[in-house]
Each structure stands twice: as C-alpha cells, then as structure tokens.
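Start from the sequences and build out the full structure, keeping to the hints where you can.
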Amino acid sequence: MRYLDPKADLTFKKVFGEHPDLVISLLNALLPFDTPEEEVVSVEYLPSEMVPENPLRKNSIVDVRCKDGRGRQFIVEMQMIWSQEFKARVLFNASKAYVRQLDKGYDYELLQPVYSLNLVNEVFEPDMPRYYHYYRLVHNECTDKVIDGLHLVFVELPKFAPHNYGEKKMQVLWLRYLTEISEQTRQAPQELLDNPEVHKALIELEESAFTDAELEGYDKFWDAISVERTLVNSVARRYKEGMEKGMAQGLAQGIEQGLAQGIEQGLAQGIAQGIAQGIAQGRAEGMAEGIQKGERDMQLEIARKLKLLGTSFEDIAQATGLDFETIAGL
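Every letter in the sequence shown is one number past the one before it in our numbering, and letter 64, counting from 1, is 64.
It should be emphasised that the hints constitute simulated quantities derived from the structure, not laboratory data. Hints may be right or wrong, so weigh each one.
Stated by the list, open to error - Here are the computed lysine to aspartate or glutamate pairs in the EDC-like style, where the Cα-Cα straight-line distance is at most 16 Å:
#, residue 1, residue 2
1, K96, E49
2, K87, E122
3, K14, E214
4, K159, E125
5, K13, E206
6, K14, E207
7, K67, E44
8, K7, E207
9, K7, E206
10, K67, E49
11, K169, E197
Next up, the structure:
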C-alpha cells in the first residue's frame, strides 16, 4: 500500500477540511486546553478564504477554518517553508477573524476566542529545544493575568520526537502521523493503526483514493515547494555573502579612516586610552615602579600630563578613574 504525504496541501485539506471528527481530534490534542470542558465537541466549517475589508488587499487563504458550538473559531495551517513574515500573517488572520465576529452596536462581551494552530515543517527557533510554542496576551509581570482573545500555537515538526510524551497520547499520535507518514511509507506504524481516528486519517492518504487529476496536482505542489525552497535558500545565501562582503569592506574602510582621523584628532584620546591600558597591563605584570609610587600618585601624575596636553576632563577621568573635582585642582 502506498500513502501520500499528509503535509501536502491536497492531503491536509482532505483529511482535516472534510472530516469534522478528525479536525476535532487534532484540535483537542494540540491546543492548550486546561480542562476537558474547554475541548471542542462539534465544529462547523467556515470558508477558508478570508476576504479583506480593504478591497485593494489580497484575500487570505488558510488551510482549514471552523467554529464550534460556543462560537470559538479555529484556524489550522500547514506551513512547509518558514519565513519571518509567517508569524505576522498568522496574527493578521487571527485578528481579522476576531474583530469580524460582531456587527456595529453589539456587546463586546459576546466576542469569543480565536485559536490559530500552525504546523511548521521547518525549525524556526533553533536555540530553543521545545517544539511547541504558545502565544497569548498576558500581563508582563503577572503572567496569570490574561486577556482572553487570541491564542496562537506554532509546532516545529522537525523537533518532535515521540518519546517521553506518554501523558499526551493523542498529540503524539497526530504528530507521528504528520512526521512519519510519507510516500516512502509502505506499512504504517501499528500504534497509528490501533487508534480509530488516526487509522481513518491514514485511509484518506491511500494513493488509490485519489484521481489522476488530484495526483497531478499533488506532484505540482511538491514541485512548487522545491522551487520556493531553492529561491529562499538562494536569497539567504546571497544575503549572507553580501553581509560578509559589506563587513569586510566596512572594516577596511573603517581602519583606514580611523588611522587618518586618529593621527589628526585622536592623539590626546589615544594617549589617554594607551595609558589606561598600560596601567592595566602594569598591574598584571606587577611593575615595580607602579608598586613603589602607589596607584594614587601614578593616577595624579598621569592626570597632570594629560591636562597639559589639553585632554578633556572626561577622557582624563576615563583613563585615571579620578573625579572632575580632583582633576580641576591639579
């Protein structure tokens, strides 16, 4: 038996955009509900095309959008290639869904939360070990104070590993479904087959369930992803090369200009900095002269010389550690 990849646009929308029981299971497994009472019981699918209020703007297309009996809205997206603009788009779409709940004159208390679940097939937080990222509006200092409205969840699929998540069985099963099943899969893992909901989702991925036209569209999707990834990598590589070249040129020019300006303008300041460095080095090496004369006497002597050179009080203070009053009295 040959499966298709569930992350493709065609398959993802077929599984979660046509089967309410499967999207309900996915939402309950991956959204941050604290109690069973918060879980989704039923859903009604909404148009995936979100028409903007400004007719000059393009329409936003999301993979799956639905609402439950309480009026809470849920947006589910499968993102194959990460970009910094994606977070902004997620926030924009969730905000758009939130503000459009009420017509003019209605009570704001009727507003219901919007949950945005975003499954990302790339690592976008390389310095963080966790794969699950939950954003909401909280007080900066008292994080238990929450404004309930927008809930944004991002899942980094490449970071997911199925071990040590026994208390989140369904979350593990759905993430394994998304990360372990592909065109190379000939036999699905038994743990996935044993779960009725995931098993049903696997059946929807069988190649024989798709028409020739659908399979052609499936192949074109992966071709488009390959082209997009190549372009993204090319832009990133050129940006890095440009930054490195710019830094090298800037460094060379900076050294050249700095030397010229330092000779003309920075003699006094250079002396101050040089003496300061000399003091530090002298301390480390235990210079006999500095020990004998004493640090205070040395600071005063250095300050006098710098003052004769016309060095500013600020530079003298930086080099010697003396205050302005002491320097003025020398």
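The hints, checked one at a time:
{"no.": "1", "hint": "K96 to E49", "result": "holds, 12 Å"}
{"no.": "2", "hint": "K87 to E122", "result": "holds, 13 Å"}
{"no.": "3", "hint": "K14 to E214", "result": "holds, 11 Å"}
{"no.": "4", "hint": "K159 to E125", "result": "holds, 10 Å"}
{"no.": "5", "hint": "K13 to E206", "result": "holds, 15 Å"}
{"no.": "6", "hint": "K14 to E207", "result": "holds, 13 Å"}
{"no.": "7", "hint": "K67 to E44", "result": "holds, 5 Å"}
{"no.": "8", "hint": "K7 to E207", "result": "holds, 14 Å"}
{"no.": "9", "hint": "K7 to E206", "result": "holds, 14 Å"}
{"no.": "10", "hint": "K67 to E49", "result": "holds, 15 Å"}
{"no.": "11", "hint": "K169 to E197", "result": "holds, 13 Å"}
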